[in-house]
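With the hints as your guide, set chain B onto chain V.
2 protein chains.
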Amino acid sequence: MTEKRVKAAVLLIGDELLSGRTQDVNLQTIAKFMAPLGVQIAEARVVADVPDEIVAAVNELRGKYDYVFTTGGIGPTHDDKTADAIAAAFGVGIDVHPEARAILEAHYKGPGNLNEARLRMARVPIGGDLVPNPVSKAPGFQMENVFVMAGVPSIMRGMLEGVGPRLKGGAVVRSRAVRGKSVREGDIAKGLEALENATNGAVTFGSYPWFGPEGYGLHLVARSADPAALDKAGDDLNALIRACGAEPEEVTELDPPRN
Amino acid sequence: MTEKRVKAAVLLIGDELLSGRTQDVNLQTIAKFMAPLGVQIAEARVVADVPDEIVAAVNELRGKYDYVFTTGGIGPTHDDKTADAIAAAFGVGIDVHPEARAILEAHYKGPGNLNEARLRMARVPIGGDLVPNPVSKAPGFQMENVFVMAGVPSIMRGMLEGVGPRLKGGAVVRSRAVRGKSVREGDIAKGLEALENATNGAVTFGSYPWFGPEGYGLHLVARSADPAALDKAGDDLNALIRACGAEPEEVTELDPPRN
Chain V
0 MTEKRVKAAV LLIGDELLSG RTQDVNLQTI AKFMAPLGVQ IAEARVVADV PDEIVAAVNE
60 LRGKYDYVFT TGGIGPTHDD KTADAIAAAF GVGIDVHPEA RAILEAHYKG PGNLNEARLR
120 MARVPIGGDL VPNPVSKAPG FQMENVFVMA GVPSIMRGML EGVGPRLKGG AVVRSRAVRG
180 KSVREGDIAK GLEALENATN GAVTFGSYPW FGPEGYGLHL VARSADPAAL DKAGDDLNAL
240 IRACGAEPEE VTELDPPRN
Chain B
0 MTEKRVKAAV LLIGDELLSG RTQDVNLQTI AKFMAPLGVQ IAEARVVADV PDEIVAAVNE
60 LRGKYDYVFT TGGIGPTHDD KTADAIAAAF GVGIDVHPEA RAILEAHYKG PGNLNEARLR
120 MARVPIGGDL VPNPVSKAPG FQMENVFVMA GVPSIMRGML EGVGPRLKGG AVVRSRAVRG
180 KSVREGDIAK GLEALENATN GAVTFGSYPW FGPEGYGLHL VARSADPAAL DKAGDDLNAL
240 IRACGAEPEE VTELDPPRN
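Quick mapping for you: the protein sequence lines, in order, are chains V and B. According to numbering that gives the first Met the number 0, the first sequence holds residues 0 to 258 in order. According to numbering that gives the first Met the number 0, the second sequence holds residues 0 to 258 in order.
Looking at chain V on its own, in the form it has when it is part of the complex (with noise of 0.2 angstroms):
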């Protein structure tokens, strides 16, 4: 019997990331988090902070994968929007929840140090789970499908942590990855379709040319949720950058940013 797939969506909210003044780094820390979950990301969005914008993107997302992971515009600042749209997509109020209050109150002490801003990062949807941020304390949440995290990295990553029990994954798709130097894309393309033609769809082959102050080549990758599919399709590569004359590379690290 073959294993359910479990696919979720990312979304990334900040005007920061559509101007160009932030890399984000999120989506591919959520990937790498969720993939031996089983739980795979099959598309993400990146949206300004626009309460339209950002409610249109999740009720379309949440409708249409497993889960949604949200990140950024959780804050205590005026342009962080996200908990009062995720309300808005459900249908919802929102309002201070009591634990988040609680959580805040221990972390500002003294008075006048939980301010009217600070308090903002404790307003939850009616309904919504909290979701524990062990960095910088102000919680995330989860409402049904959707997970709300923080945009800042090191929180995002702490919050992964908590939202990770709570999913239920499918098939875990593993992957091989084989490096040839001096290896063209056009040389093997032939034979990596041919490949990818005769496992039925139980492996995809993806080729990916790297390009640096060494020379040249392809990563081709094999990706499976079926082991003994993947074990074979990995030879298989190997044997396919031999038939160019190179010696092939087990690659076990994910790539580098590319140039």
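Be a bit skeptical, because a hint or two may be false.
Since the list gives no way to pick out one identical chain from another, each pair is judged satisfied if it fits inside one copy or across any two copies.
[What the hints assert, rightly or not] Cross-link-like lysine to aspartate or glutamate pairs, in silico, DMTMM-like; alpha carbons within 20 angstroms at most:
no., residue 1, residue 2
1, K6, D51
2, K180, D51
3, K231, E249
4, K6, E52
5, K189, D83
It should be emphasised that the hints constitute simulated quantities derived from the structure, not laboratory data.
What follows is chain B alone, placed relative to chain V:
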């Protein structure tokens, strides 16, 4: 008279961006390139190498925005599905473009070098105009308001140079950023909101906390298409940080990746 805002979407195409294998850097490159041309990136999406998903995203985004910039999926291997998907999105056929073939023939000299796989890179939807590729020759293309570029960042950057002159930009949104060390969001939130409200929409303000070995603090960013309003906004941000007892520091570089 207020100058028109010209808005665009970025569509990043590739399984490797969603599996966590590859860290995208093209969105930020495109956003930084477009900003001074008066083209604002208003939304971005990441989709897998799945034709139906690419078609749906292209058709939604090209109707919603002035321009769409896609990256990825135009190489010689079977997992490169973008050109066919763009043809399907526009309801046209696809064929080898004579000029693209000539470019590839000049580049892949010698018998058998321009094989069937490499010739795939000359296939362009009917009616498409080529976008030159100064890096590795195989061109991108333009269909109406959609620009289709390579996914490898160095090649994509080269193609942007050919795309820029074809765009009709609008108002140029500029920003000023001020750094405040040991300033916390909760301390400036009220003041920051008051600044934004006082500009009647002429300026938007964002607040971005940072944490690092040297401590913590904020970047406060003002964005506006009105140079005079932006000047005042920058001065107001300096005053806001001074009011917290910190010495503001004007930031002219973009942020490094946040941790």
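For each hint, the structure was consulted:
| no. | hint | result |
| --- | --- | --- |
| 1 | K6 x D51 | between (24 angstroms within a copy, 16 angstroms between copies) |
| 2 | K180 x D51 | neither (48 angstroms within a copy, 33 angstroms between copies) |
| 3 | K231 x E249 | within (14 angstroms within a copy, 56 angstroms between copies) |
| 4 | K6 x E52 | between (22 angstroms within a copy, 14 angstroms between copies) |
| 5 | K189 x D83 | between (51 angstroms within a copy, 18 angstroms between copies) |
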